Amino acid sequence: MAQRDTMPLQGKLSGQAVINELIRNMELGEFEMGYSVLLPCFFSLYLHPDDYARLEGVFDLIAEDAKRALGARVAQLNTKPKILGVKRPGRQPKEYKIAGRDWILEFLPDTEGTVPLGDVEIHSELNETAQPGFRGTKTTLMGREPSVTMPRLPAVTRRTSEVVYAEIRYEDDSGPQLYLVSQNEVRVGRGGDDLPMDLALYTNDEVSREHFVLRRDPATRRFYILDKSVNGTWLEGKRLKKGTEEPVPDRAAIGVAQVLTLSFESRR
Amino acid sequence: MNATLSCRSGVATDPGLLREKNEDRVYADESAGIFLVVDGMGGRAAGEMAAQTAVDVIALYLRDSEGDVAGAITAANNEIYRLAEEREQWRGMACVLTLAVAHEDRITVGHVGDSRLYLIWNGTLRKITSDHSLVGELEDRGTLTEAEAMAHPKRNEVFRDVGSRPRAAGDEKFIEIKSFPFRPGAALLLCTDGLSDMLTAAEINDIVQRYPGDPGAVARELVDAANFAGGKDNISVIFVAGPDFLGDPKVRNSITQVREVRSWWRRLLNRVGRFLERH
Chain A
1 MAQRDTMPLQ
11 GKLSGQAVIN
21 ELIRNMELGE
31 FEMGYSVLLP
41 CFFSLYLHPD
51 DYARLEGVFD
61 LIAEDAKRAL
71 GARVAQLNTK
81 PKILGVKRPG
91 RQPKEYKIAG
101 RDWILEFLPD
111 TEGTVPLGDV
121 EIHSELNETA
131 QPGFRGTKTT
141 LMGREPSVTM
151 PRLPAVTRRT
161 SEVVYAEIRY
171 EDDSGPQLYL
181 VSQNEVRVGR
191 GGDDLPMDLA
201 LYTNDEVSRE
211 HFVLRRDPAT
221 RRFYILDKSV
231 NGTWLEGKRL
241 KKGTEEPVPD
251 RAAIGVAQVL
261 TLSFESRR
Chain B
1001 MNATLSCRSG
1011 VATDPGLLRE
1021 KNEDRVYADE
1031 SAGIFLVVDG
1041 MGGRAAGEMA
1051 AQTAVDVIAL
1061 YLRDSEGDVA
1071 GAITAANNEI
1081 YRLAEEREQW
1091 RGMACVLTLA
1101 VAHEDRITVG
1111 HVGDSRLYLI
1121 WNGTLRKITS
1131 DHSLVGELED
1141 RGTLTEAEAM
1151 AHPKRNEVFR
1161 DVGSRPRAAG
1171 DEKFIEIKSF
1181 PFRPGAALLL
1191 CTDGLSDMLT
1201 AAEINDIVQR
1211 YPGDPGAVAR
1221 ELVDAANFAG
1231 GKDNISVIFV
1241 AGPDFLGDPK
1251 VRNSITQVRE
1261 VRSWWRRLLN
1271 RVGRFLERH
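Chains as they are written, first to last, in the working numbering: chain A, 1 to 268; chain B, 1001 to 1279.
These aren't lab readings, by the way, just hints derived from the structure by calculation.
No experiment lies behind these values; they were computed from the predicted model shown.
The list that follows gives simulated cross-link-like pairs (lysine to aspartate or glutamate, EDC-like), each with its CA atoms no further than 16 Å apart:
hint, chain 1, residue 1, chain 2, residue 2
1, B, K1178, A, D173
2, A, K94, A, E32
3, B, K1178, A, E171
4, A, K97, A, E30
5, A, K67, A, D217
6, A, K94, A, E30
Non-contacting residues of chain A with respect to chain B, defined by C-beta distances greater than 10 Å in every case (computed):
hint, residue
7, S14
8, A219
9, T220
10, K238
11, T244
12, P247
13, D250
Even for Gly, the Cβ is constructed at its ideal location relative to N, Cα and C.
Based on the provided sequences and hints, a complete structural model is requested.
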């Protein structure tokens, strides 16, 4: 489900303009179901290369602010149906919600010369998706036509500049693997039908279905690890206390239930 | 293949939109647990000849030798080379291939070139084979992103092939051999570069996760998607679903959950409309 729209704007691009446009895009991209209304939670924002260079250092801050604004708008949508301050009788209003666990915003420089200076072009998706490069294809999932403006460009041609925050190398039963981290949260484990992991280890059941979570703090760009397993997680040889978040060094060996070891390396 | 771990497979192959001939060959024998995709290279009829020879030799070889993947590919290599030496029109013909053989609960893979084997596990898709090309190596190392690799002009230059020169058994720089346990909830996808050059891993995974219970439907849908994306080369796919592979139930449910709930006044209007139509 993709929405694509450009916003004509005079002069410099402001953070507030970006956030207003995000909210507009989110509302245009709503997807109504029986009892709830899904809103897009994954946004790709394309900026003119000059704007991109100018704002590059504060993307994380814009994203933080934008997430608050989006969250506030959803809360507002969920309290709406009142007439003159009186609750409307009758049917339960539909709940507005997002499919993902959190909003995900990625900022990208426009490489096709279609976004003028001061503009922002936003593509949004209903689903947050799991792996790097695993985004933007959910559009075909329900076969719905984009509801606004121009047709969507194929996702592939535009995703040339995904930011990789860290890499994780490991060897499970399927052989050596490399996982590139381009999101702020990575859930690692064996996975299961109803428990999709970002990094699904192909291994035996000594590894928990959800074994640990890596979280990146966008403000400090540091990673933290949280053990959620039965058989334990080791950071640099030290067993983690279950349920207590620990900071992860830029290079670290993460032991998983004494079954396998992941080499984590931050690309700060 | 172990009877308790019987898997189901589906095959699709297509010349694509720009090529006249299909120089790909696929071979799938579910009961023997042998799955092979081959991409032929060489002018005129030579590419097809190389690919067909590989299929014939490997199928025959594996019938007599229990699961000797490296031996089978080496035999195919030397037969293709012998034929190419024999006739001018076949000179220089070769192919790339990926062969997966199931034995009890393990899969052994023999691989040369830039066709691919993916393992699908709990909603994620991972590439098991390396691409034997400069671009593929850079991508596997994380130097190039998938999108950069897909757009790279040297994408199709491979530095390993089957048939361009004679090989001795046990040549380590020739065949990549891998072996891993095949879990009942997993699935395999073998494909030629006509698929993986047109679709990202994400796009492939999306189609695979919508598994409707028919592996052939997945294979055909992947080929259709590659053609829709441009179909620049021959496209071949073998999809092998483990006995407990379901795809991602969440993806399927999200389709059925979508429904329209009409308001009471619209239902009333409809009823009035129907009443007026009748009278």
